[in-house]
Amino acid sequence: MVVKVYGPAYASPKRVIVCLIEKQIEFETAPVDLIKGEHRNPEYLKLQPFGALPVIQDGDFTLYESRAIIRYYAEKYRSQGTELLGKTIEERGLVEQWLEVEAHNYHPPIYEMTVQLLFASKLGLSVDEKLVKKSEEKLGKVLDVYEERLSKSNYLAGDFFSLADLSHLPFTQYLVGPMEKEYMIRDRKHVSAWWDDISNRPSWKKVLELY
Amino acid sequence: MVVKVYGPAYASPKRVILCLVEKEIEFETVPVDLIKGEQRSPEYLKLQPFGELPVIQDGDFILYAIMRYYAEKYRSQGTELLGKTIEERGLVEQWLEVEAHNYNPAIYELTIQLLFSSKFGRPVDEKLVKESDEKLGKTLDVYEERLSKSKYLAGDFFSLADLSHIPFTHYLVGPMGRQHMIRDRKHVSAWWDDISNRPSWKKVLELCKTPFG
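Heads up: the protein sequence lines correspond to chains U and D, in order. Numbers 1 to 211, taken from the working numbering, label the letters of the first sequence in order. Numbers 1001 to 1213, taken from the working numbering, label the letters of the second sequence in order.
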């Protein structure tokens, strides 16, 4: 029996999938169609009561919130695949810090832009241009702090790739791709180099191939 | 040299302080006045470049995502806050993320609108308050269901996940006058009584006054 990951077509589940590939953990996926509202079905809500993606089932163990899932697997499979938590407790502290930054500072504006620019039309809603502008400004300010940080270290938590960098992959892929805002990354020299590095990891390329 | 915690008057730093008290770790505090904008001073931004509270200094080590670090580093002393097994820790992380993504955004917005708008000379956005009340209510409904099945969020053990809720919920039932949101939900109510009466939280309230008395 392998880990089952729900909702692979979408961004947050891809956080989990890229982590599982880095840790060389076998998995399977189960589709969930957000446009059809399948995340609001009673069967899905039994697994994830907030109706969000992803959720995983690993035998009897059910877990949701993508950043909780990646922490769990990075810890449980510490001894195989890529080390994603740093080597010391202090390095892990910095990984946690930048994971929190991604969750609280990076994610809200980029998520808002995703909903407005990529999903509004699919849901029959009009784009809120004012909200897009505000979100883009917020994201720009966050990227300025990243630019400063990445001028001092190769990756966010230090000179090692970690969950903190990995967590940025799915939504940033939307940003430089279908949202057509690649300039936000390219206009920042160190962010640009960092993005090239992390998005060219074989694990991420595999995720994009498969889903 | 002890851990220095910045901004003890405010809610997010109280999460850290509560964790340090539970783990029996010595600390000192440094005031930061948000109304005066001290979190935007160049000296503060050197420590926390996003201009947010809290940040800690532990010798040379500066960190601004703090509870997990101390709960892990001091695993063998004080209260166990991460569960006993890797699976229990997974559930702690899950509910910490739920707090961060489902609970905190709504309750934080209510805090800004109802408790801080006047201090910043801004009018209250009633529409935003209504939306946030609704969001928070829906989240609390899920909590009610969860807590009807287990004593605490991650299982039958107190953890960082429960702890993380305390500072802002204290505002909710106190100065925000929304105690009914907790009391109208039987299991949430029992859980709140349990966690808010921990000696550690009572100690934090004694040591670190909120801006609202």
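No wet-lab data here; the hints were simulated from the structure. What you are looking at is a predicted structure, and each value in this text was computed from that prediction instead of being measured. Some hints here could point you the wrong way.
Said to hold, decoys possible - Output of the computed footprint for chain U on chain D, the stretches with three or more beta carbons under 8 Å from beta carbons of chain U:
(1) 1069 to 1077
(2) 1086 to 1092
(3) 1141 to 1149
Said to hold, decoys possible - Residues from chain D that keep clear of chain U, each with C-beta distances beyond 10 Å, as calculated:
(4) Asn1102
(5) Lys1186
(6) Thr1210
The beta carbon of each residue, even a glycine, is placed where N, CA and C say it ideally should be.
Hints the structure fails to honour: When the structure is compared with the hints, only number 4 turns out to be violated.
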